[in-house]
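Undergrad: Take a look at the letters that make up each chain.
Number of protein chains: 2
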Amino acid sequence: MLSLIKSVLVLTVALSVCADFWTDRDKFIKDEESQMLGSSINLTDKEKKVNQILMKFKYNEFDDGFLNPGSFAPSQHFFQARPLIQKSDVYKLLQKIPKGAALHGHDIALVSSEYLYKQTYRNSLYACRINGQLRMRFLQSSQQDKQCNWTLLNVLRILDPSYDSYLRSQINLYTENPKQKYKNINDVWNAFQNIFFTIMGLVTYKPVFEDYFYQSLKELYDDNVMYLEFRGTLPLLYDLNGTEYTPIQTVAVYKEVIEKFKTEYPRFKGARFIYAPLKDDNNSTMYKYVEILKDLKVNFPDLLAGFDLVGQEDTRKPINAYLDQIKQVSAMGIDFFFHAGETNWYDTSSDFNLVDAILLGTKRIGHAYAVTKHPLVVEIVKERQIAIEVCPISNQVLLLVSDMRNHPAATLIANGFPIVISYDDPTLWNGKALSYDFYMAFMGIAGKEADLRLIKQLALNSLLFSSLPADQKQVLISDWETDWTSFVDNVLATYANEIP
Amino acid sequence: MLSLIKSVLVLTVALSVCADFWTDRDKFIKDEESQMLGSSINLTDKEKKVNQILMKFKYNEFDDGFLNPGSFAPSQHFFQARPLIQKSDVYKLLQKIPKGAALHGHDIALVSSEYLYKQTYRNSLYACRINGQLRMRFLQSSQQDKQCNWTLLNVLRILDPSYDSYLRSQINLYTENPKQKYKNINDVWNAFQNIFFTIMGLVTYKPVFEDYFYQSLKELYDDNVMYLEFRGTLPLLYDLNGTEYTPIQTVAVYKEVIEKFKTEYPRFKGARFIYAPLKDDNNSTMYKYVEILKDLKVNFPDLLAGFDLVGQEDTRKPINAYLDQIKQVSAMGIDFFFHAGETNWYDTSSDFNLVDAILLGTKRIGHAYAVTKHPLVVEIVKERQIAIEVCPISNQVLLLVSDMRNHPAATLIANGFPIVISYDDPTLWNGKALSYDFYMAFMGIAGKEADLRLIKQLALNSLLFSSLPADQKQVLISDWETDWTSFVDNVLATYANEIP
Chain W
1 MLSLIKSVLV LTVALSVCAD FWTDRDKFIK DEESQMLGSS INLTDKEKKV
51 NQILMKFKYN EFDDGFLNPG SFAPSQHFFQ ARPLIQKSDV YKLLQKIPKG
101 AALHGHDIAL VSSEYLYKQT YRNSLYACRI NGQLRMRFLQ SSQQDKQCNW
151 TLLNVLRILD PSYDSYLRSQ INLYTENPKQ KYKNINDVWN AFQNIFFTIM
201 GLVTYKPVFE DYFYQSLKEL YDDNVMYLEF RGTLPLLYDL NGTEYTPIQT
251 VAVYKEVIEK FKTEYPRFKG ARFIYAPLKD DNNSTMYKYV EILKDLKVNF
301 PDLLAGFDLV GQEDTRKPIN AYLDQIKQVS AMGIDFFFHA GETNWYDTSS
351 DFNLVDAILL GTKRIGHAYA VTKHPLVVEI VKERQIAIEV CPISNQVLLL
401 VSDMRNHPAA TLIANGFPIV ISYDDPTLWN GKALSYDFYM AFMGIAGKEA
451 DLRLIKQLAL NSLLFSSLPA DQKQVLISDW ETDWTSFVDN VLATYANEIP
Chain S
1 MLSLIKSVLV LTVALSVCAD FWTDRDKFIK DEESQMLGSS INLTDKEKKV
51 NQILMKFKYN EFDDGFLNPG SFAPSQHFFQ ARPLIQKSDV YKLLQKIPKG
101 AALHGHDIAL VSSEYLYKQT YRNSLYACRI NGQLRMRFLQ SSQQDKQCNW
151 TLLNVLRILD PSYDSYLRSQ INLYTENPKQ KYKNINDVWN AFQNIFFTIM
201 GLVTYKPVFE DYFYQSLKEL YDDNVMYLEF RGTLPLLYDL NGTEYTPIQT
251 VAVYKEVIEK FKTEYPRFKG ARFIYAPLKD DNNSTMYKYV EILKDLKVNF
301 PDLLAGFDLV GQEDTRKPIN AYLDQIKQVS AMGIDFFFHA GETNWYDTSS
351 DFNLVDAILL GTKRIGHAYA VTKHPLVVEI VKERQIAIEV CPISNQVLLL
401 VSDMRNHPAA TLIANGFPIV ISYDDPTLWN GKALSYDFYM AFMGIAGKEA
451 DLRLIKQLAL NSLLFSSLPA DQKQVLISDW ETDWTSFVDN VLATYANEIP
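From first to last, the protein sequence lines are chains W and S.
So the first sequence is numbered by this note's numbering: it starts at 1 and just counts up by one.
So the second sequence is numbered by this note's numbering: it starts at 1 and just counts up by one.
Note that these hints are calculated values from the structure, not bench results.
A quick note: this is a predicted structure, and the numbers were derived from the prediction, not measured.
Built from N, CA and C at the ideal position, the CB exists for glycine as well.
One thing to keep in mind: the hints can contain errors.
From the derived model, a few chain S residues whose C-beta atoms are all more than 12 Å from chain W [unchecked claim]:
#	residue
1	124
2	144
3	211
4	222
5	280
6	303
Where chain W lies over chain S, by a calculated footprint (3+ residues, C-beta under 8 Å) [unchecked claim]:
#	region
7	340-346
8	393-405
In silico lysine to aspartate or glutamate, EDC-like type, Cα no more than 20 Å apart, as pairs [said to hold, decoys possible]:
#	chain 1	residue 1	chain 2	residue 2
9	W	327	S	20
10	S	448	S	26
11	S	27	W	383
Pulled out of the complex, with its shape left as it was, chain W reads as follows (with noise of 0.2 Å):
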């Protein structure tokens, strides 16, 4: 009898421990779930049972990927997700969530590889080889630049059966052994920069520079996504009989493209410039920006956000090195919105360009892709409110990380920093518009338990991280909660016999 008193005593305080350590745990982890971004989102009835379909659809994903951690696309290069994901019906359902903003894109990289494609079917295209690589320029006749020995490009079409897959090689930098290709970072930096050599004159030809910016925003809108803020070297647009346009033409050309968009589909809410010219060891082309910028501001004063400096952050000098410049740029009242730590090169020359950008008043990052390494910019980048712009699959090509899981990224989502998810430059690995990367980011970045409130404050952080002027960021906000509200209607209707 004793012994069952006591045994009934053990089980008894038994439970009462085991008791307290579930409620524990239960605490522990809605406490850090509510650091979480998106945790002080309170959904409405409605977007509860959306999410209860996002969820579903999630768990089914993850849990196959968890049983079978082959199957799971975040954890694969995105040559080889890319499929997986566009079967996923995750994927199919944050295409068709208003996701707000993109806000790091780059001029001539925004578009879908697919119609940057066929833009070589054009009349007039010209071919030729330089040092071995190809260049294309649109032309009257082949007479008309003596650089090259230019050929049409539809008649090497026509001459080589094999000239396509040439040709789709060097304007994208998929391959279907990305590891085996790119053994490491500077060489998928350098098969990057050659293909900007390469569809530079395909692109810069001024009605397909038209027409490509016009697809952009396009892809942009079916993706659901009402505004941009894209960063560009203003390349020098040219025309079929040989005219060279200026810097403030190509502007003049974005500007056009963006107010016939809008008139055509007016839920688009527009596009600022970033200029972003390539950082120059040439201290007379760094001045050159400036007096380019000045003529910007004057002449573009509304489509003209800022100002950064692009190329492979590790190889070049560092943003401190054109302060001078840079310090010009202040005084003129523009904002910076400098690229810096993308790299892990820790404690090197690229990576303190995080701690460069904080002191010159940056008013986000791209990439930061270091950050986390950084716990003094991790600090001010939190107190100040400078929004990281997260590019999944972008770091992922350029080789900083391989697993998604692995991204830095989810140490920012967990601790509810200001982030926002962007694209870079799609067109050279595939990519489409926002839905890639959101789906990267939703799905391998953060955790399992991730839902519609973390999406949800992913779309309202870009825009409340947009340039634009406070009233027109209330409009946009305004306009974006419009679209949520249908989209959830939508989802209802559409997806009914999923709701359990």
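We have chain W already, so just place chain S on it with the hints.
TA: For chain S alone, coordinates are given in the frame of chain W:
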């Protein structure tokens, strides 16, 4: 004249602005560095000279990697990096450094692969295959055990010239192309577990076991590691006439070997044992562990450091599945040293093991690879000074991380977290003692500027976070300080011409 004055004025303003920038930048970087692990250590003048030598070597290798990323060992898989590391001056210096203690290693994988391989040349070792998997056992004759078709291993060697390479492939994860062979984490874990089964009969033969464990201590000693805390499942030992020993007798062997080793190498300070059996779905097996633990506590109160549970976290039940047994262990006053968060599956059962480990009062955490995704765990780990046992090469070989520069411990180091560096299962990947992992941590995970202070702090941490009672810990630290002083003097003598 006015324009000259204006120019001078502009220049002065620019210079003063710039001067501010550089002052602010220096302060920022210093402030940030003051949060880094090791930053509170003040080096003596002699240590500063050693640091100069170390950093000269480090900068050479690091800068070479920055220019030629393909040459950088820590961004490559250890199977490729190992020969590069062996040539490294940093590595050679790290070997000499008194590194304190190894706090995370597993019973039958502590020794170098080469030593284990050599044991297969012992007489009376038989081999056979069960379901295609190699088994080994010491027998008096092939007929002694009828469960398998045993053949003398040395005969198999003579019959088949390729047998040795087959044998090596069965007792080591090494392969020329790891990314091709191990497609995902489950593949490599399966291979990992198969090796354990294969080597079990080789290692648990009592004479091998004694020599093997002795050699494990010797290799640590030669690597200037003076104390060990190791986890073990307590495999049953056997001898040539087939006698099977008990778990308690296995621990008795450990104790004898440790005493013998300490007698022969008095600078070695001993070892303690963490009983860490395999998580098992059979509830009675789990209760048996508790009984064994009771016996251990009575018979080896000084040798027993605590309790843990092992096995791949993703595919086994979480810690909380064994709450009842764990509570019984806790009631005995035995400390926990749980494996937790050795995963990159965020928000899953394996990931939440981190929360369970914390709630159950773990003294240290094994791996905690996922910890930076858990802000509350991070907070508590720092507040309660729960050391994280970081095993860089293990994490890489088990496919959690590809490039060491993406290891989450970089964030832990940058933020001054209580971490120690350890080696997990070096036998399985051609590791040896601690220096390879120290190399990966120092060159790959920490930043370029991390110096001797980090190494010293890591060594100190390994003693401070050991399970020893405070008085013994103090003796250990004091002896380590003596070793450290000798090391400093030796380096200054040996590398006199390297001092810049």
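Undergrad: Does each hint fit the structure? Answer for all of them.
TA: Against the structure, the hints come out as follows:
no., hint, result
1, 124, "41 Å, holds"
2, 144, "41 Å, holds"
3, 211, "38 Å, holds"
4, 222, "31 Å, holds"
5, 280, "20 Å, holds"
6, 303, "28 Å, holds"
7, 340-346, "holds (count 3)"
8, 393-405, "holds (count 5)"
9, W:327 / S:20, "12 Å, holds"
10, S:448 / S:26, "16 Å, holds"
11, S:27 / W:383, "18 Å, holds"
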